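Chemist: So the chains spell out like this:
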Amino acid sequence: MAAIEINRLSKYYDGLLAVDGISFEVSRGEVFGFLGPNGAGKTSTIRMLVGLSKPSDGTAMVAGYSITDNIVEVKRRVGLVPEVSNLYDELSVWDNLLFMSQLYHVPRHERPGRVNEVLQSFDLIDRKLTKFGKLSKGLKRRVVIAASLVHEPEVLFLDEPTVGLDVVSAHSLREYIERLGTQETTVFLTTHYIEEADRLCDRIAIIVQGKIVVLDKPEEIKKRVRAQSIIRAELSRVPDGSLLQGLRELGELEFEGRSIRLQVEKTGESLSALFNLATQEGVSVEALETGRPTLEEAFVELTGMSTDRLHAEKGGAQK
Amino acid sequence: MTLKNELSGIYFILWKDLRAYYFKPPNISWGILFPLVLTLAFTLRDPTGLTTLAPGLIAMAAVFGTTSMEAIVITFERRQGSLERLLLAPISIRSLLVGKVLGGAVFGGMISGVMVIVSVVLFGMEVINPLLFFGSLVLTLLTLSALGALVAVSVTEVFEAQTLSNFFRFPMVFLCGVFIPVETMPLLLQMVAYLLPLTYSVNALRLSTSQALGLVDPLFNVGALVLFLFLLLGVCEWVLRRSLK
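Protein chains in written order, with my numbering: chain S, 322 to 640; chain R, 365 to 609.
Errors might be hidden in some of the hints.
Label-pair distances were calculated between CB atoms; the ranges are [unchecked claim]:
| # | chain 1 | residue 1 | chain 2 | residue 2 | range |
| --- | --- | --- | --- | --- | --- |
| 1 | R | Asn391 | S | Glu438 | 30 to 36 Å |
| 2 | R | Pro550 | S | Arg429 | 56 to 62 Å |
| 3 | S | Gly350 | R | Pro389 | 46 to 52 Å |
| 4 | S | Glu411 | R | Ile481 | 26 to 32 Å |
| 5 | S | Thr451 | R | Ala405 | 40 to 46 Å |
| 6 | S | Ser377 | R | Ile544 | 51 to 57 Å |
| 7 | S | Ser457 | R | Ile457 | 31 to 37 Å |
| 8 | S | Arg329 | R | Phe584 | 53 to 59 Å |
| 9 | R | Pro390 | S | Arg349 | 45 to 51 Å |
| 10 | S | Ser377 | R | Leu595 | 26 to 32 Å |
| 11 | S | Tyr334 | R | Ile457 | 18 to 24 Å |
| 12 | R | Pro390 | S | Gln441 | 33 to 39 Å |
| 13 | S | Ser377 | R | Tyr558 | 41 to 47 Å |
Straight line, CA to CA, 30 Å or less: simulated DSS-like cross-link-like pairs of lysine-lysine [unchecked claim]:
| # | chain 1 | residue 1 | chain 2 | residue 2 |
| --- | --- | --- | --- | --- |
| 14 | R | Lys388 | S | Lys452 |
| 15 | S | Lys455 | R | Lys388 |
| 16 | S | Lys458 | R | Lys388 |
| 17 | R | Lys368 | S | Lys375 |
Don't read these hints as lab results, they were simulated from the structure.
It should be emphasised that the depicted structure is a prediction, and the values quoted were computed from it without experimental measurement.
Note that beta-carbon positions come from the ideal geometry of N, C-alpha and C, so glycine has one too.
With these hints in hand, go ahead and build the complete structure from the sequences.
Modeler: Here's what the structure looks like:
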């Protein structure tokens with residue numbers, strides 16, 4: 322049985338269609354990435370799946386229970402790590418987690434052990450008496466994830482879990498998520514960091530304007546990009562005039578200053594053509610790198626987003 | 365969804381709110397100081413007739429005690445996103461609201477409790493019918509706390525909650541017989557007064573300290589308070605459910 326089964330799920334907000342009849346399944350124990358530009362319908366979908374909003378149409382089963390007919394049973398079996406760290410500032414880490422175990426009806430005799438267990442898994446045992454409000458941003462995220470796991474949910478929804486974290490905290494959080502993926506917990510992850518999804522997820526769905534445009538393994542999604550190869554080079558001068566014209570004839574060109582990025586069909590032929598052009602134009606190639614398209618490049622192509630907008634959204638997410 | 369789970373959910377939300385917000389030293393000291401300052405002000409103004417005024421003052425302490433913190437707590441949790449934590453939990457929205465309302469009622473009970481002690485010890489107020497007195501006081505606390513919750517779920521900012529609370533609080537204090545008997549007010553104001561729950565609270569508390577205690581009047585006032593309580597809780601639940609569209 323799938324952990325999540327979504328069937329033609331739709332959501333309207335004041336007449337605007339936010340989620341447009343999406344259908345897919347997530348298997349038990351899978352780490353599933355749910356990507357898309359801002360406003361694509363990611364959070365709206367999660368909110369319906371955890372019972373924070375009602376679908377306008379369609380159905381979904383989460384952990385074996387219907388979100389429309391038996392939401393309390395769904396809530397008992399899921400955990401949500403929202404984009405904001407929303408525990409209680411005035412309570413200690415221990416009290417916050419204990420409260421969560423109480424709220425989720427963890428049997429009384431199991432509560433202290435369960436809280437201790439998640440505190441240990443998230444290296445928070447030394448902070449258990451610290452008030453939540455006094456913790457750093459990174460520690461708060463860890464406590465929020467720990468709080469979402471204290472009742473041992475079958476499905477864990479993570480909405481932008483690493484947003485606003487420093488590199489070290491984000492790295493350790495990714496390790497925790499990877500560890501969850503090796504256990505039986507199903508993880509449903511939304512993120513603006515495409516490389517994060519590439520690393521963590523077994524499968525990825527990309528949603529654009531409320532519709533799923535692709536659902537596959539990260540490797541398969543990368544193969545869908547038209548270009549077979551990417552050439553990145555650093556030239557001795559900024560391309561202009563006939564050099565620029567020549568580069569554009571080689572493939573799809575993007576450049577910033579002296580750095581160029583070419584999407585090409587055949588790497589070998591394109592490289593020799595690039596060197597010929599450089600010699601002809603009297604410029605030298607100072608650095609060169611070739612590679613397969615990244616998931617980010619696939620994402621940009623599949624969503625029709627510009628790279629600039631993607632980076633702007635990532636920046637926005639960091640704030 | 366079992367009754368046991370719902371009741372334990374209510375209890376844990378109540379206990380969490382008391383620990384996280386209400387039982388903080390500044391709130392406790394305010395809770396004690398407010399009725400004492402009220403007492404001092406009225407004693408200095410006119411030390412006679414305080415026994416008659418006492419039920420009104422107790423009701424007034426309940427108004428400010430229940431609504432002052434309650435509206436802030438819910439609005440603050442909504443702003444911070446922590447109310448969403450409770451909405452995610454496997455309990456009904458009704459139980460969540462009852463837990464929240466009980467928090468405000470307990471805090472209001474603490475403040476009006478001080479006022480009751482002052483009224484009995486210093487003003488010489490005599491409670492003729494303790495069952496009616498404490499029953500109507502509990503109903504008052506719950507009803508006013510539900511009013512505070514309704515205000516809180518209807519707005520998004522803490523300052524809006526305060527402003528909207530004052531919109532109810534001050535007219536209630538002046539119109540509901542705390543200082544001036546409702547019967548002596550112009551007819552239009554009397555009609556407004558009977559639309560407000562505090563009128564029935566003041567009446568019921570006065571009746572419980574009065575020698576002329578019948579059966580119809582206490583039952584009418586208590587019944588009105590029960591009606592207000594369920595009405596306010598129902599509207600509050602409806603507003604909160606609508607916000608989850």
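Chemist: Now tell me if each hint is right for this structure.
Modeler: Tested hints:
1. R:Asn391 to S:Glu438: 30 to 36 Å: 34 Å, holds
2. R:Pro550 to S:Arg429: 56 to 62 Å: 58 Å, holds
3. S:Gly350 to R:Pro389: 46 to 52 Å: 48 Å, holds
4. S:Glu411 to R:Ile481: 26 to 32 Å: 28 Å, holds
5. S:Thr451 to R:Ala405: 40 to 46 Å: Check passed, 42 Å falls within 40 to 46 Å.
6. S:Ser377 to R:Ile544: 51 to 57 Å: 52 Å, holds
7. S:Ser457 to R:Ile457: 31 to 37 Å: 34 Å, holds
8. S:Arg329 to R:Phe584: 53 to 59 Å: At roughly 54 Å between Cβ atoms, Phe584 of chain R and Arg329 of chain S fall inside 53 to 59 Å, so the hint holds.
9. R:Pro390 to S:Arg349: 45 to 51 Å: 49 Å, holds
10. S:Ser377 to R:Leu595: 26 to 32 Å: Between Ser377 of chain S and Leu595 of chain R, where Cβ atoms are some 30 Å apart, the hint holds.
11. S:Tyr334 to R:Ile457: 18 to 24 Å: 20 Å, holds
12. R:Pro390 to S:Gln441: 33 to 39 Å: 35 Å, holds
13. S:Ser377 to R:Tyr558: 41 to 47 Å: 42 Å, holds
14. R:Lys388 to S:Lys452: 14 Å, holds
15. S:Lys455 to R:Lys388: With Cα atoms ~17 Å apart, Lys455 of chain S and Lys388 of chain R stay inside 30 Å; holds.
16. S:Lys458 to R:Lys388: 25 Å, holds
17. R:Lys368 to S:Lys375: At roughly 26 Å apart (the allowed maximum being 30 Å), Lys375 of chain S and Lys368 of chain R satisfy the hint.
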